[in-house]
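Engineer: Sequence:
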Amino acid sequence: MNMKTFLYACFFCLVAAAACNQKKNTTDNAADITVKSASGDVAKDWKFGVALWTFHNFNFTDALAKVDSAGLKYIEPNTFHKTGPEQKDSLILQLSPAGLGKLNALIRQKGMKAESVYIVGDSTMLSWKKQFEIAKQLGATFVTAEPPINMWDSVDSLAGAYGMKVAIHEHWKGVSHYWHPDSVLAAIKNHPNFGACADLGHWPKSGINPVEAVKKLSGHIIGVHLKDIAAYNDPKLKDVPVGTGIVDFPAIFQELKKQQFTGPIYLERDAEDQPSNLPSVLQTVKYYNDKIKQLQ
4 MNMKTFLYAC FFCLVAAAAC NQKKNTTDNA ADITVKSASG DVAKDWKFGV ALWTFHNFNF
64 TDALAKVDSA GLKYIEPNTF HKTGPEQKDS LILQLSPAGL GKLNALIRQK GMKAESVYIV
124 GDSTMLSWKK QFEIAKQLGA TFVTAEPPIN MWDSVDSLAG AYGMKVAIHE HWKGVSHYWH
184 PDSVLAAIKN HPNFGACADL GHWPKSGINP VEAVKKLSGH IIGVHLKDIA AYNDPKLKDV
244 PVGTGIVDFP AIFQELKKQQ FTGPIYLERD AEDQPSNLPS VLQTVKYYND KIKQLQ
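Residue numbering for the sequence shown is 4 to 299, as defined by our numbering.
Some hints could be false.
[Stated by the list, open to error] Using C-beta positions, here's what the derived DEER-type ranges look like:
| hint | residue 1 | residue 2 | range |
| --- | --- | --- | --- |
| 1 | N236 | T127 | 19 to 25 angstroms |
| 2 | Q297 | A101 | 42 to 48 angstroms |
| 3 | N292 | Y235 | 39 to 45 angstroms |
| 4 | A233 | N292 | 21 to 27 angstroms |
| 5 | Q97 | G142 | 36 to 42 angstroms |
| 6 | A41 | L188 | 35 to 41 angstroms |
| 7 | A274 | T64 | 32 to 38 angstroms |
| 8 | N236 | P278 | 30 to 36 angstroms |
| 9 | D156 | V123 | 17 to 23 angstroms |
| 10 | G74 | A233 | 26 to 32 angstroms |
| 11 | Q286 | D92 | 27 to 33 angstroms |
Calculated directly from the structure, the hints in this document are not laboratory data. Using N, Cα and C, we set each Cβ at its ideal position, and we do this for glycine too.
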């Protein structure tokens, strides 16, 4: 048996194991995605942190230092982040298990937690399996991704085999199949390991009111990308600091509380402020804390 055949055999064993546990996963999924242990105190229930794409123009080590400067604990790494000179600037996707161990040690040293990992995926299950493995090694409980439509069943089964969830992320119309919340709901249907990542700044680029989108995805939201935008229906716009654009965050926070959401909320910047996005991150931390106090 050659190596390629062996790897495929391993994958199909994982899928078979997931299928055997499909009924259990369906039952467990409802608890995991919705109200597992909501206390009513959003400051405790919501895990506020940073999607590391915010500092994508810095290597992983320097990005963690900036997160640390903002006093935040939760992070969402991505598999295409450069790791830094110690690991020859390799992408996370390219690291060996030993290299991932060094990354994990650095995260723990900072007192941080990678609650999820943003993965690129592609058209091959071997790539998806590799990135699920990376997420698992970094201690994540779910991945954020945009799985191809023709791979929904396979990716859902793979997620079940790894005991993880897939938070379906949405870019804007013309870029992502998932630009509308109805498309996210279509993917979630009959896929017990799928949920939603609510990207609050991307929906307006497609003319979608993020408050209404959050309501439509009630009970399915696993994670949130906290970002703002200056206007509707303009996909060319870069995001603006949270609280300075058109997104109604108080209404969104109120709705998330009503839904008894208990997942991570990652602030995220696509724009590249100079010399870094750290000042806007600090501004967002203050804004978030002020609005959260009003929900208590």
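Engineer: Under the constraints set out in the numbered hints, which ones does this structure not fulfil?
Structural biologist: 1, 3, 5, 6 and 7
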